[in-house]
Amino acid sequence: MSELLKNTIRFVLFILVQVFILFKMPPLHRFITPYLYFLFILWLPFSLSRAALTLIGFFYGLCLDYFTMTPGLHAAACTLIAYVRPFVIGLLISQEGADKNYMSPSIVSMGWAPYATYVVVLTLLHHCYLVLLEWLSFGSLMYFLGKVIASTAVSLLLILLTELLFFRKQKFRTNTI
Amino acid sequence: MRNVFLFIRRHFNFLFFLVLQIVALSFLFRYNRFHEAAFLNVSTAVTGRINEHYNDIEYYFQLKKTNDALVRENLRLRQQLKENYEGPDSAQRIISDTIKVDSGRSILKYKILEAKVINNTTSLQNNYLTIHRGFAQGVRPNMGVVGPQGIVGSVVNVSENFAIVMSMLHRNFGLVARLKKGGETGTIDWDGVSPLYVNFRGITKSAKIAVGDTIITTQTSSLFPANLMIGTVHDIVPDNTSNFYVLKIKPATNFFNIEYAYVIDNLQYNEQKRLEDSTRKKIQ
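So the protein sequences, as listed, match chains A and P. Sequential numbering from 403 applies to the first sequence in the working numbering. Sequential numbering from 605 applies to the second sequence in the working numbering.
Next comes chain A alone, as it looks inside the complex:
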């Protein structure tokens, strides 16, 4: 399956899962909103340019906004993590040339610890920005801190489950540089 097709399917699936499963769940607590959809951005290939990543992030977020009737909220957060992503990868990548030899960020291509750090940093960033924007219109500091921490914890759990259930095989590609 080509990488473009694979990512298009992921795009649709992640939005549908977020809108029709995770948002439909009976709420556990006011602080907990289970977010998983932004994993799509974390899984995008290394080879995309920075501008393309930012643009994809923007439109991806906007698509979700069309379902939740919050124009711009998720788009702003997705644009931010899509823009920051290359910097984080640049800092964390340990194997020499891993971003050339592998297709996209994963446990295989980056290693356990760097990949976990990458996910945690971007999840935290996404939630901080998203809740901050919500908080500007209403809420208190307790709400902000509580929601960021609780939602991040739930998101990380969901990401871990997704990574274990849908293990992505990564081919090692030589002679592609």
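Check each hint, because a few of them may be wrong.
[Claimed, not checked] Below, simulated DSSO-like cross-link-like pairs (lysine-lysine); rule was C-alpha separation at most 27 Å, straight line: (1) P:669 x P:720; (2) P:877 x P:669; (3) A:426 x P:854; (4) A:426 x P:852; (5) P:854 x P:812; (6) A:426 x P:669; (7) P:852 x P:715; (8) A:573 x A:408; (9) A:502 x A:573; (10) A:502 x A:408; (11) A:571 x A:408; (12) P:886 x P:784; (13) P:686 x P:784; (14) P:668 x A:426; (15) P:720 x A:426.
[Stated by the list, open to error] Calculated from the model, a selection of chain P residues having no Cβ within reach of chain A, i.e. all distances over 10 Å: (16) 614; (17) 764; (18) 839.
Simulated from the structure, these hints should not be mistaken for laboratory data. Where a beta carbon is used, it is the ideal one built from N, C-alpha and C, also for glycine.
Here the structure of chain A is known, so what remains is to put chain P in place on it, guided by the hints.
Structure of chain P alone, referenced to chain A:
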């Protein structure tokens, strides 16, 4: 000038990022103030179809609960039939029935339109419902929406075949309501804490309230007919800084499995509004 272009080329990625951020944020904050109609219109056209397909499936799993709710509603309405009320024939005076149900199109105030709920959220801070009945079927913005058990919300936007309803679980929702027992009026709003409860503010501490009291709509709200069920008092929170209670209300509507709703069209609203507006102009 050359330096400007050089600057843009060097920092293209960052500037591009900034532009997209500004676009997203302007969407967000302008929307909060004016309820951008354009966005919702496009969004219902795109997402309406998907929601409809999803609802076809989900609806099947809710059939039992939906049926129960409708039967209970029928029961309540049947109980109100005039045939159920019959006293011994001892009346001394002639009672003329003033409700001209059949011939009285001119005095009909509220027309009720049924609608299927095809999308609904409860876990966000601003929740909306999508109903499958739009402009072509007579829905207009600012109409009230009730469910089989009680108040649901009000219509904020319509497209050709769909309409968006601001749920009671929305930060901007506000509705005048009153206590059934004492008649004190206050306002309903939602603080985003729990989708199970809404707040009822503005009841003075002199009012007699008990847990379980019923809150109903008033005739001063132009959206809903009077005496529709909103919810029951779940908890009484005395606000020490003011003379008013904040009551936690358990809404009668179960927002988690609502499948059908009724849109309420106030046929006399335009006339009332015209009069009120013209008065305001005259006084100024």
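Each hint, compared with the structure:
1. P:669 x P:720: 15 Å, holds
2. P:877 x P:669: 39 Å, violated
3. A:426 x P:854: The given pair, whose Cα atoms are some 20 Å apart, holds under the 27 Å limit.
4. A:426 x P:852: 24 Å, holds
5. P:854 x P:812: 18 Å, holds
6. A:426 x P:669: The given pair, whose Cα atoms are some 17 Å apart, holds under the 27 Å limit.
7. P:852 x P:715: Violated: residue 852 (chain P) and residue 715 (chain P) sit about 31 Å apart, past 27 Å.
8. A:573 x A:408: At roughly 15 Å apart (the allowed maximum being 27 Å), residue 408 (chain A) and residue 573 (chain A) satisfy the hint.
9. A:502 x A:573: 11 Å, holds
10. A:502 x A:408: 19 Å, holds
11. A:571 x A:408: 13 Å, holds
12. P:886 x P:784: 36 Å, violated
13. P:686 x P:784: This hinted pair holds, its Cα atoms lying about 22 Å apart.
14. P:668 x A:426: 19 Å, holds
15. P:720 x A:426: Between residue 720 (chain P) and residue 426 (chain A) the Cα gap is close to 17 Å, so the pair holds against 27 Å.
16. 614: It holds; residue 614 (chain P) is separated from chain A by about 13 Å at its closest Cβ, greater than 10 Å.
17. 764: It holds; residue 764 (chain P) is separated from chain A by about 17 Å at its closest Cβ, greater than 10 Å.
18. 839: 16 Å, holds
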